[in-house]
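Asks: These are the residues of each chain, in order.
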Amino acid sequence: MSSQLATAGGPANPVPPAGKRKSVMGTRPWVAALFLLPAIVLLGALVVYPIGYSVWRSLYDADGSGFVGLGNYGDLFSDDATFTAVKNTAIWVAVAPALVTGLGLVFAVLTERVRWSTAFKLVIFMPMAISMLAAGIIFRLVYEADPDQGVANAVVVGVHDTFAESSVYPKARPSTESDLKASGGGAFTSTGTLSAGTPALVPLVGIAPNKVPGDPGDATSAEPSGDGVSGTVWLDFKLGGGGEKGAVDAGEKALPGIKVEAVKDGKVVASAKAGDDGTFTLPAAADGAQLRLPESNFAAPYNGVDWLGPSLVTPAIIGSYAWMWAGFAMVLIAAGLAGVDRNLLEAARVDGANEWQVFRRVTVPLLAPVLVVVLITLMINVMKIFDLVFIIAPQPSQDEANVLALQLVNASFGGGNNQGLGSAIGIVLLLLVMPVMIVNIRRLRKERRR
Amino acid sequence: MTTSSVPLKGPGEPGEPGSPAQPSAAVDAAGPPERSLASKLAGFFAGGAVRVFLVVVALLWVTPTVGLLASSFRDPTDIAASGWWEVFSKPSQLTTESYSTLLGKEEITDALWNTVLITVPATVLVVVIGAMAGYAFAWMDFKGRDWWFVAVVALLVVPIQIALIPLADLFGDLGIFGSVLGVVLFHVGFGLPFAIFLLRNFFAEIPRELLEAARLDGAGETRLFATVILPLGGPAIASLGIFQFLWVWNDMLVALIFSDSGSRPLTVALTEQTRQFSGNIETLAPGAFISMVIPLAVFFAFQRQFVSGVMAGAVK
Amino acid sequence: MRSSILRVSGPRTRSTAAKAAAALVAGAMAFTLTACGGDDDKKDDEGSGGEKGAAASVELPKLDGQKLEVAAVWTGPEQENFTKVLDEFEKRTGAEVSYVPTGNNTSTFLGTKIEGGKPPSVAFLPQVGVLHQFAQKGWVKPLGAEAQAQLDKNFSTGWKELGAYEGKQYGVYAKAANKSLVWYNTAAFEAAGLTAEPKTWDEFLQTAQTLSDAGSPAVSVAGQDGWTLTDWFENVYLSQAGPEKYDQLAKHEIKWTDPSVKEALTTLAQLWGKDDLLAGGSAGALRTEFPKSVTNTFSGDTPAGMVYEGDFVAANINADTKSEIGTDAKVFPFPAVGDASPVVSGGDVAVALKDDKGAQALLTFLASTDAAEIWAAQGGFISPNKEMNADKYKDDVTKDIAKALLKAGDDFRFDMSDQAPAAFGGTQGTGEWKALQDFLKDPKDVAGAQQQLETSAAKAYKG
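Residue numbers (my numbering), protein chains in the order written: chain V, 1 to 450; chain U, 451 to 766; chain G, 767 to 1229.
Do not take every clue at face value.
Chain U stretches covered by chain V per the calculated footprint, using a threshold of three residues with CB under 8 angstroms from any CB of chain V [unchecked claim]:
(1) 507-519
(2) 632-641
Using C-beta positions, here's what the derived DEER-type ranges look like [unchecked claim]:
(3) V:Ala-45 x U:Phe-750: 34 to 42 angstroms
(4) U:Phe-750 x G:Asp-1121: 51 to 59 angstroms
(5) G:Ala-1049 x V:Val-159: 15 to 23 angstroms
(6) V:Asp-79 x G:Asp-1067: 38 to 46 angstroms
(7) U:Phe-503 x G:Lys-1028: 58 to 66 angstroms
(8) U:Glu-536 x V:Pro-213: 16 to 24 angstroms
(9) U:Val-506 x G:Tyr-1227: 52 to 60 angstroms
(10) U:Phe-750 x V:Gly-185: 58 to 66 angstroms
Rather than coming from a laboratory, the hints here were simulated on the basis of the structure. Even glycine gets a Cβ: it sits at the ideal position worked out from N, Cα and C.
Using the sequences and the hints, build the whole thing.
Replies: What follows is the structure, given as C-alpha cells:
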C-alpha cells in the first residue's frame, strides 16, 4: 500500500506501481500529510494568499478604487524604464549566480588544502552576517569617487600616479579680465599678439594663494628684453584679496614652471618656462605671435574610475553582491563536500589523475546536486535583489542600474504608492521565474528515473 | 595564519591512518610513492599558489569590513574629512565614542533582546517545519509530489514587499499585528520555501540503503526522521539554520512595519539613532558590529557542523 | 522590557500629585517622567521643568492612563528634541506617549499600520500631497475645536491652509523649514577678500567667481540628491516668476514648457553651467550627496565657499564638521533673482489618525506657543507659530532664520516638489529629481530639460 495521494485531503488514489523503487517506505498518505501540513498551511496563509491578493490588486489603479483590468501591465510594458530593468535583471541572473557559485566552489574546495581553513571561511562568511544596509554603506565607501575617501579609487589613483605624472597647477586658469581665452583642449591662447619690448602679462587665478605647490616666492614684473619677448606668469590673487587685477602687485605669488608658447598660424615658433620669480623670455621669433598656455600646464589630476557612474554601476553592484554571497555558496558547497566519498577522489588520484582532473571529473559531478541548489537559489534571489541596488546606486545612475524588483519597490512605495503597478511587477517577476521552475521539474523527473 | 611553513596535509583525507607523512612539504602527502618527482614539484608549486591565492582573496574580502570597522572607531568629523585608512597613520583618531553612545542607550539593549526573541523562534520553526516537509518531498510518495515541490520552490521568488499590505491586513484581523508573533510568522512564511528546497535536495542525497536498513529494523516515519534524516542532514540543517538566523537577524523591512515600540528589534532601533540627511556611518558602522557579534558566535558554534564530515563518516 | 513596566505604573500613581503639583516637586517628577517615557535617560538635565513655572498658555484635558503613539520621520537628536515636547505633554495631562519613527517612507509605514488596525494616534506627515491623499481616504480626522482655537490664535492663514483639505482643517504645521538659505564658510570668504554677503543673483554669481579665483571651489551643489536641485529651482523660480506663477506651476496649471520656466532654468545655468564655480564641476556635483555638500563646504583641505539648503544644514555642520555656526559658518538669505528674495518653506504637519481625546489634546498642545517654545529651546527647530517668544530659540542664527520665515508673512511658498504628486516631485530616479539632474549634467539644454519635466509632470498629474 505504498505511495498514495496524500495531499489536499483528496481521496487516496493508487499510484502506478512502476517507479516504485523510490518509495522506500510505503508511506501512508496521512503520514505524508502530517509531515507536510504545517508547511502547507503556513505557506498558504503567508505567501500564497499575498500572491492572490497581488493578482487581484494588480487589476486596480493606484489607490485601489478603480478597476483598470490589464492597464497596469500595459503601463509597465510601455515604460522605457521597464526595458532597462528587464535587461539589468537578465544581466544579474546571467552573471551573478554563476560568479558566486564559482567562487563558492573554488573556495570550498581549496580551503580543504590549508590548515587555516576555518579562519578563511570565517573571513568569506563574515559579509553574510552584515545587514544589507551596512553592506550597502560599506560599498558606498569602497566605491566613493573621491580618492581620498573611496578605497577602490585610492588604489587606482595610487597605481596610476606612480606611472604618470600630473601637472603642477591643475586648477589654474587665466583670470576673466586677461586677454587669454580658452582655445580648446584645456589650452589658453591670447587674442592679441606679443610684441618685443612690451612685457607680456599672464595673470592666472583659481589656486588658493596659500596652497600653491612648492610655495614659490613673490612674482616680479619682467623687464623688457631687447628683441625678445619677456613676461610674467603669476597668481593674480593674494590672500584676502585686494591689489589691482591684471597688475603684478606686491605679495602676489610667482608660478614657476608654467610653459608658455608663441604661436603663429597655428605653429609653435618659440616656447619658454617661467622662472622662480615668474618671469620668462621668448626669443625674437615670438614677436607678433599669439601667446599660448598649453594644456599640459593645467591637466587635471587623474581622479580614478567612476565606479558608480552609468556605465559601471551594475558590474560594481554585482561585485558587492558577490562579496556578500560567496560565503553562502561556500558554506553550502562545503556542507555538500562533507558528504562526498573521499575514497572516490583518492581512487582517481591513484589512477593518475591530476588535481584539475580530479576536480573536473570527480568533485564537480559529485557536488552537482548541491551546485544546482545553490545556483537556483541564487538565481531566484538575484531576481528579487533590490536593496543593494537601491542603497549603492547613486540617484543619478539609478536609472541605469534599475532592476525589476527595485522598480517594484519604487512603484509601490517610492512615493507614487502605486500598489496596482507594483503588484503587476510582482506578478511579472513570478512569471519570469517559470523557466527556472520548468528546468527544475525536468531535473526532478530525471532524478526519479535514476 | 602562520601556516605557510606547515607542510600541508593531503587534500581530502582527514587523518587517514597509514598515509606516509612526507616531511618534504609535498602537497600530496598521501600521494602514492610511485609518483614522479616532477609531479611532486608541480604539486608543491600548485599548493604554494593555492595558499597565495587564498591569502589574496582573504585580504580582498576583509578590506571592506576593515574599512567599516575602522570607520566605526572614528569621529564623524574625521569620517567626513578623510579615508578610513588614515587611522593607520594617525591612530590618535581612534575613539570608542560611537560604541559607548550606542550601548549607553536602553533602547539598543532592549532591542537586542527583542531581536533574539524574534530570531530564535523564527529560525527553529523554519528548520523544523522545513525539515519535515523536505523529508516528505524527498522520501515519501504521493501524487503530484514533484509539482507540489516545484510550486513551493516557485514561492522563493515572491518578493517580500508584495506581502506587506495583505499580511498587515490579515495580522490586524488576527490581532497579532505589532507583536513579536506577527514578525516571527512573517519570517517563517518567507523562510520556508528556501528551507524546503534546500533540505529536500540534501535529504534526497542520503543513500537509500540507510533508510531501508532502518526500515527493516522496524522504524516508523517519525523514528526514521529523527534517527536517520536529522543526523545525516546535519551539515545542511546547520547551514540552513545559520542563514535563516542571519536573514531574520538582519531584517529591517518586516520589523519596521510589523513590530511596534515594544517589540522592535535592533535593526529598527538602530535606524532610530540615525540622522535624516546624513551618511550616518558613525551610527551604522558600530551598529553593524554590535549586531554581528551574536551571529558570528552562532557561526562558530555551528562551524564544526560545516567542516566535519558528519554525513561522510556515517555513510561510508 | 523593564521600561515598559515602569511605563504602566508610573503615570497612574503620579496623577493626583500632578494636579496639586507645586514647583517644588516638579524636578523630582521630571525625573520619574523621563523614566516613564521609556526613552533614554540622559535628557533630564535640560530644563523643560522650567516651563511649569510660567503660566500655561493652553488648557489640556486630563488623560490619566491613556496611551498615545506618535509617529514621525525624526530620529537621533531630532527625535530626542521632540521627545522633550512629548514629556511636557505627559506631565500636563498624565497620558503616556510613546514615539515611533516611521523610516523614510512615511506613507507606506502609516498605510500598513492602518491596514493592520493599529495606527498611531498622531503622525507627522512630511508632504502636503500625503495629507491630501490621507484625507481623501478618510484616514485623518479633522481638528477639534480646542486645537482649532490654538491654530487660529497662533498661525497665519498661509500655514493654516497648508494643513487643510477641501475646506476642512486636518493638520497643524508644528515644525517648519526655511529652505531659502545659503550657508558659507567665513574663512573662504576672508581669503577671497569678500566682506559683503550677496543680496542679488548677480552679486551671488560675482561672489562665486571671486571665490573661485581665490582658489576655493565656489559652490557645492548636492546633485546626487535630486531634492536639493528642486529646491534650487524653486527659489530661483519663486523670486523670478513670482508667487502666482509659482502656485500655478505647483498645480500644473501652467506647463513646464512655459517661458517663465525657461527663464529660471537659464538663470540656474549661469551657475550650473560653469564648472569653475561648482565644487568638482558638474560631474563632481552629481556625485555629491547632501551631507557631503555640507562637509565639502565646512571641512577638508580646500573647502568650498558656499552651500545652499535649508536651516537643517546646521545639524550636519554640528555633527559632521568641526566648524562653529556663527563664527566659521554663517548664513545669508537666498539672493533675489527678481525683485525680492524668495522664501521657500517646508515642514511637517501633525495629524490625528485616531478619533480620540488624546490625539486632539496632543494636536492642541502642538499648536500652542508652549510646545513651540520648548521645542525651540532644544535647537535645530524652527516654528511657524507667530505668537511664540522668539527669544526661546537656542541660538541667534536659528532665531534669525525663523524670523526671516515669519517675516515673509503669507508670501512664503511651500516647497513645490512636496506639493506635487510624489511620482513627480518625490521619487528618486524619476520625475523632477531626475530631470534636474540631467539638466545639471547638461545645463545648455534648457529646452530639453523643460520637455523632460513636462512629459513626466503630465504623466504624474494625470493620475
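Asks: Do three or more residues from the segment 632-641 of chain U put their C-beta atoms closer than 8 angstroms to C-beta atoms of chain V?
Replies: Answer holds; 5 residues pass the 8 angstroms Cβ test.
Asks: Do the Cβ positions of U:Phe-503 and G:Lys-1028 conform to the proposed distance bound of 58 to 66 angstroms?
Replies: holds, 60 angstroms
Asks: Do three or more residues of the segment 507-519 of chain U come closer than 8 angstroms to chain V, measuring C-beta to C-beta?
Replies: holds (count 9)
Asks: For the pair U:Glu-536 and V:Pro-213, does the Cβ-Cβ distance stay inside 16 to 24 angstroms?
Replies: holds, 22 angstroms
Asks: Lying within 51 to 59 angstroms: is that true of the beta-carbon distance U:Phe-750 to G:Asp-1121?
Replies: holds, 53 angstroms
Asks: So the hint says 38 to 46 angstroms: do the beta-carbon atoms of V:Asp-79 and G:Asp-1067 match that?
Replies: holds, 45 angstroms
Asks: Could you check the hint for me, namely that U:Phe-750 and V:Gly-185 are 58 to 66 angstroms apart, CB to CB?
Replies: holds, 60 angstroms
Asks: So does G:Ala-1049 sit 15 to 23 angstroms from V:Val-159, Cβ to Cβ?
Replies: holds, 22 angstroms
Asks: Could you check the hint for me, namely that U:Val-506 and G:Tyr-1227 are 52 to 60 angstroms apart, CB to CB?
Replies: Taking Cβ atoms as reference, U:Val-506 and G:Tyr-1227 lie about 55 angstroms apart, which means the hint holds.
Asks: Between V:Ala-45 and U:Phe-750, does the C-beta distance stay in 34 to 42 angstroms?
Replies: 36 angstroms Cβ-Cβ, so the 34 to 42 angstroms window holds.
Violated hints for the displayed structure: none, as all numbered hints are satisfied.
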